[in-house]
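Same order as they appear, the protein sequences are chains D and R. Each residue of the first sequence is one higher than the one before, starting from 1 at the first, in my numbering. Each residue of the second sequence is one higher than the one before, starting from 1 at the first, in my numbering.
Careful, some of the hints might be misleading.
[As the list claims (entries may be wrong)] Simulated crosslink set (SDA-like; lysine to any residue; CA at most 20 Å straight-line):
| id | chain 1 | residue 1 | chain 2 | residue 2 |
| --- | --- | --- | --- | --- |
| 1 | R | K724 | D | E119 |
| 2 | R | K724 | D | Q103 |
| 3 | R | K516 | D | S274 |
| 4 | D | K128 | R | G411 |
| 5 | D | K162 | R | Q402 |
| 6 | R | K291 | D | V124 |
| 7 | R | K724 | D | N63 |
| 8 | R | K505 | D | S208 |
| 9 | D | K211 | R | E459 |
| 10 | R | K724 | D | G78 |
| 11 | R | K292 | D | S208 |
| 12 | R | K292 | D | E104 |
| 13 | R | K464 | R | P421 |
| 14 | R | K567 | D | W335 |
| 15 | R | K413 | D | D154 |
| 16 | D | K209 | R | D503 |
| 17 | D | K128 | R | M347 |
| 18 | R | K292 | D | E123 |
| 19 | R | K768 | R | G242 |
| 20 | D | K209 | R | G411 |
| 21 | R | K291 | D | Q122 |
| 22 | R | K724 | D | E115 |
| 23 | D | K128 | R | R392 |
| 24 | R | K291 | D | T120 |
| 25 | R | K296 | R | I755 |
| 26 | R | K726 | D | G78 |
| 27 | R | K624 | D | N337 |
Read the hints as simulated data drawn from the structure, not as lab findings.
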Amino acid sequence: MKKINLYFYAPLILAMSLFLCSCEDNDSPIVEPNPLETAHFDIWVSIGGNGGMGSGNTQLVNNTKTLDDSNIVIDYKGSGVDVTAKLFQESIIKGQYYYQIPQEKDRFGKYRIGETGIETVQEVAFGKNTYKDRRYAHAWIGDNTFVVLAANGDKDSVIWTKFNANNMTIIAEGSLKGLKDTLTAYSTSGIASFRASDNMILYSYCHSKSKLRKGVYMAFINANDMSVVNTVEDNRAAFMAGTAYGQLLQNKSFFDTNGDYYLACNTRIEGAASRTEQFGSLLRIKSGETNFDKSYLGFRNASNSQGKLVTVQSLASRKALVYVQDPIYTQAAGWRNNYNCYYATLNLETDELTKFDIPHSEGTFSQRSVMFGDKAYIGINPESSAPCVYVYDVDSEYLTKGLTIAEGYSFDRIVALDDAE
Amino acid sequence: MWSIISFIILLCFLPIIGFGQKILFLSGEIKNPNGIPIPQAIVTIENSIKGTLADNNGKYSLEITPGQHTILVTAYGYNIQQEVIDISNSKSQNFTLQELTIDISTINVSGKTKSQKIREGSFTVNSIKIKGVASCINNVNSLVGRSSGIKVRENGGVGSDFDISINGLSGNSVRYFIDGVPLSSIGNGVSLANLPVNIVERIEIYKGVVPINLGSDALGGAINIITKKNVKNYIDASYGLGSFGTHKVDFNSQYTNPKSALFIQPSVGVNYSKNNYTMKNVEVRDGIRFKKVDAKRFHDDYLSFITQLKIGVTDKKWADLFSISTSYFYSDKELQTGSLQTWVYGMATRKMKSFNISGQYKKNEFFIKGLSVNMSISQTSDYKIVTDTVYRQYYWDGSYSQASGNEISGGVKSIRNIERPLTIARANFSYSIKNKHVFNINYLLNYLKNNRSDNLDSEFEPTKDIFSKQIIGISYSQQFWTDNLNNTFFLKDYISYLEIGQDDKYWITGSDIIEKITTANNIGYGFSSRMRFFDQIAIKGSYEHCVRLPLAREYLGNGTSIDPNFKLNPENSENINAGFFGTFHLTPKHSLYYETGLFYREVKDYIRYVPDQNEGNGQYDNVKNVTVKGVEGELIYSFNNAFQFIANFTFLDERNKTKYKDDGKPDISYNNRMPNRPWLFSNVEFNYRIKNVFNLENNQLKFSYSYQYVHSFLFTWEQYGTQKAKIPTQHVNNLQLSYSLKNEKYNISLECNNIFNNSIYDNFYMQKPERSFFCKLRIFINQ
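Just chain D, same shape as in the assembly:
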């Protein structure tokens, strides 16, 4: 009976679609639904410095339906949720929820931050495998399934756990078998992404000890049974742009519109005084391939290759949005000084870097840019004015100023979330 109904209604739907299409042709534009009708942004700030990666500063979250309005100034005096005692900024984010190991450090939880506080939706105790708070990689391998990966305590193997995000139960867990590398100790978390086209988890990792990092390994893992299909190495870069915190706070990799996978990497500058002085590069794995694309090395033109990649995100039109720490370009006093970071677009075909005409920013433990709809929202902590958001229209490449955050807060993160139903 259902089949009959489907066959009956399908032509009708098709006819209506054609009718609607023809309307477009008749200069009656379709009004695209505003994605923000069912979504909002959470803005994370901290007091006393950046909130992520090892900081113990007070963390506050406020939500807003729009980032575009330059007349809006967000302040946290008497508003917003003080999440310091419960949540970390480092989270897996999907739909309405934050998924993370919270302050208790002994569980995975599913949380929602509302206007009045944190709602704990469900928490699950660790199974056989346990993870360190904030230090694990993750990949969504289905609408309601995510997998987390990290090195074990002795750093001699990589453990994984699959979670059902609906009811927060553990589906399966184990450790990766068959990694082919010469490492004596694995990096804390590595970086994981899911390639749906061949059901493969791309898991990059390197040596745990910074002095011994001489290349990046990539494991191709069958998402069904977590078997390692292939392991490859690329030593054109010393390590991934993030080795310990996965992508819980910062975007370090992306798939472009062709399905090609890009991984941000960095290498310590020869003879530099500090190990944090690095230059970045972008590695690529072509769609469907199980090896690095040796013909491609991106981000080679930035400031004599001295900029360090902090975050990377995909823009449409074969471009990437990059956030770079570069004291030369920004003319900051040095690597240790503030306001030495900038945002730019990187053409993935020509490697052309186009810097935005916006003030330089401080903060390398943050993720203040988010793609939403056809816009990129770029948040900055500038030196001579209050933190604010710029709105970049990807299609028109037009940049406008959005909302402002009251002076004095460290602007750490913008998160796009679905509204609660």
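With chain D fixed as given, assemble chain R onto it according to the hints.
Here is chain R on its own, set in the frame of chain D:
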């Protein structure tokens, strides 16, 4: 602020005109039968609160009205001397005191006690007399915590880490001394919590401004523990048994050879506790979920052992005191939690061993008349082992699951060795002119090495750091009008040296952005003044521009829960205290002592402990500008030496005054109250003593009730966000009953703490012990 300073300065220099009645002076020397001066003897007028204290040379000067008076002269270890004199003009009167042949504790000193004399000095100071309560208390910490302006933060039971704040300034702003020598000289793990109570005579708590003879860079104040002296031969032994498997044994004695004046003073203290008190409403696993239960602490055993042997001579021509002492300290602590109670440990431990050898030399009239010298040197080998060798995630019911890292830092398995050899040298020269003008110069050297290695973590590279500081201070004190006006002026130079060898966790410690070797030189100065108009009213004030060099613990961490921070700057502070005090004798049996004070601290680079919620550890960090304003008061009412009521309160307004951060940006928490700090607290105490109960002679029954109040305070900055975590208002009620026989020779005490079993917390929401009981037996025998 400056108006207060101006007022105090004015007081120092304004001539004070007489008080209307003819004032005479009784002066002289107090000596023992061998003609040796007795320092610090108390000279009082019977049925009057007037009195004075002999100086280090046994000389005294007492203001007196014409007429017939009974003069009482007392000193520890000597019989009371009583003399009736008729005085019409100022005269000289010497006293010779006989050595004590009866129980020292039976001496009922009329007039002012040493503790009260110290309180009434020009410095803002609490002086707590241990005599009389030594039979009841089970640690010095608890007694200090009941004093006005003092807040003790213990994050657990016996042996837990603790901090003391004085007038709002945190634990490490406070320095600890034992007989004027840094307490750390005995060992890094020795603290007020595990020091044997029996060896203590009294505790001096200096608030804000600290006299230079302590050689301290204390910014918040200093606690100086004065040990028993003068009693020639005695044995003092006690055993205590309490809740949560607590046992305490103290033994302290002294033998003095009357011919050679050689003394031997052994002491031993043992503390043990299981600390298995109940944690209320904590989460444990319930299958794959969690549930809240009450669970006992299961990995918090603590054992400490301290022994000391002191040998020396007194009253020699070449030395008033020369002693050599050696001590050994050992502690073994199971670690139950990290900085917050949600991080439960089940296997990690911390052991400490210290061995110390030290010498002290004191001499009055050192080569020239009026010159006194007090020198000490000590060498301590200090060794700490932190064992963290399991990958387990523990829960409050003692169960665990396998974890991906060790318990404390989440890293690899580790047995971390931290060796901190410490050298402390101190020299103090004091030159007195007619007891009215005293010049003092003090030098303190504190040289510490921090050697770290690890037995298991192969990636950990052994490191060596060096941290030393030298503090040179000079002061000038003056007394006018029979010590009715007392002024002290001082100048201090602080020199520090830091050599950093470690570079692990550089992103936390800052070792990669700080020069490997740094030296710093800072100058501090100040003055204190006290003016007494009548017994009923006296005023005092003090000011200090103080520099506090970070402690080794702050720079170098503690190897477990506190990470190093090499980015720390020394604290700079303007400290001002002003107050008035006095005693009313309503009738001969009723007396009322009151004291109230205002304090103001303007601190730059305020060092504050910040628990790092992400890394599981904590770290000390600077807050650029902090202002602490406050008021405190204390009232002590006594009736017939039998009933006593004590009430004190402290209000602190401690705010971040950093308007702009280093980068020129506004600091959003400007003018916010500092989080994690109690700001309103109070103590009330009733003591009642019945002598000769059951028709027995020389016995007494003491009953004591105390109440402590701490107002609720916030976990994070007050103005920002909603749904803020808050440490609730706390009420603690304690009861104590003690009975002593034969003039306190045999004592038994029973104590119930937190009688209503209220929930109490430390500054970071760590639950503290529930209702507990403690019984103590003590014997004190002396010749």
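Verification of the supplied hints:
1. Distance hint between K724/R and E119/D is fulfilled; the C-alpha atoms sit about 14 Å from each other, no more than 20 Å.
2. Taking the CA atoms of K724/R and Q103/D, the gap is near 15 Å; set against the 20 Å cutoff, the hint holds.
3. A C-alpha spacing of about 13 Å is found between K516/R and S274/D, which places the hinted pair at or below 20 Å, so the restraint holds.
4. Pair hint K128/D plus G411/R holds up; C-alpha atoms about 18 Å apart against a cutoff of 20 Å.
5. Between K162/D and Q402/R the CA atoms are separated by roughly 17 Å; this keeps the pair inside 20 Å, and the hint holds.
6. Annotation: proposed proximity of K291/R to V124/D holds, straight-line Cα distance about 11 Å (limit 20 Å).
7. In summary, the hint linking K724/R to N63/D is supported, as the alpha carbons are separated by about 17 Å, within the 20 Å threshold.
8. Distance check on the hinted pair: K505/R and S208/D sit about 13 Å apart at the alpha-carbon level, within 20 Å; holds.
9. Using a Cα cut-off of 20 Å, the hinted pair K211/D and E459/R holds, with the two alpha carbons roughly 11 Å apart.
10. Restraint check for K724/R and G78/D: satisfied, since their Cα atoms lie roughly 10 Å apart, inside the 20 Å limit.
11. Between the alpha carbons of K292/R and S208/D the distance comes to roughly 38 Å, so the proposed pair goes past 20 Å and is violated.
12. For the hint pairing K292/R with E104/D, the CA-to-CA distance comes to about 13 Å; that is within 20 Å, so the pair holds.
13. A hinted pair counts as satisfied when its Cα atoms are at most 20 Å apart, and K464/R with P421/R qualifies at roughly 11 Å.
14. Under the criterion of a C-alpha separation no larger than 20 Å, the hint pairing K567/R with W335/D is consistent with the structure, at around 17 Å.
15. At roughly 8 Å between alpha-carbon atoms, K413/R and D154/D fall within 20 Å of each other, so this suggested pair holds.
16. Between the alpha carbons of K209/D and D503/R the distance comes to roughly 13 Å, so the proposed pair stays at or under 20 Å and holds.
17. Note on K128/D and M347/R: the hinted pairing holds, with a Cα-Cα distance of about 19 Å set against a maximum of 20 Å.
18. Taken as a hint, the K292/R and E123/D pair is honoured in the structure, with Cα atoms around 13 Å apart against an allowance of 20 Å.
19. With a CA separation close to 16 Å, the supplied pair K768/R and G242/R stays within the 20 Å bound.
20. A threshold of 20 Å between alpha carbons decides the hint, and for K209/D with G411/R the separation of about 13 Å falls inside it, so the pair holds.
21. Only pairs whose Cα atoms come within 20 Å are accepted, and K291/R paired with Q122/D is accepted, the gap being roughly 12 Å.
22. Among the hinted pairs, K724/R with E115/D is consistent with the structure: their alpha-carbon atoms are about 13 Å apart, no more than 20 Å.
23. Annotation: proposed proximity of K128/D to R392/R holds, straight-line Cα distance about 11 Å (limit 20 Å).
24. A C-alpha spacing of about 14 Å is found between K291/R and T120/D, which places the hinted pair at or below 20 Å, so the restraint holds.
25. Among the hinted pairs, K296/R with I755/R is consistent with the structure: their alpha-carbon atoms are about 19 Å apart, no more than 20 Å.
26. A distance of roughly 15 Å separates the Cα atoms of K726/R and G78/D; the hinted pair therefore holds under the 20 Å criterion.
27. Proximity of K624/R to N337/D is assessed by CA-CA distance (about 18 Å); at most 20 Å being required, the pair is judged to hold.
Going down the numbered hints, you'll see the structure goes against just number 11.
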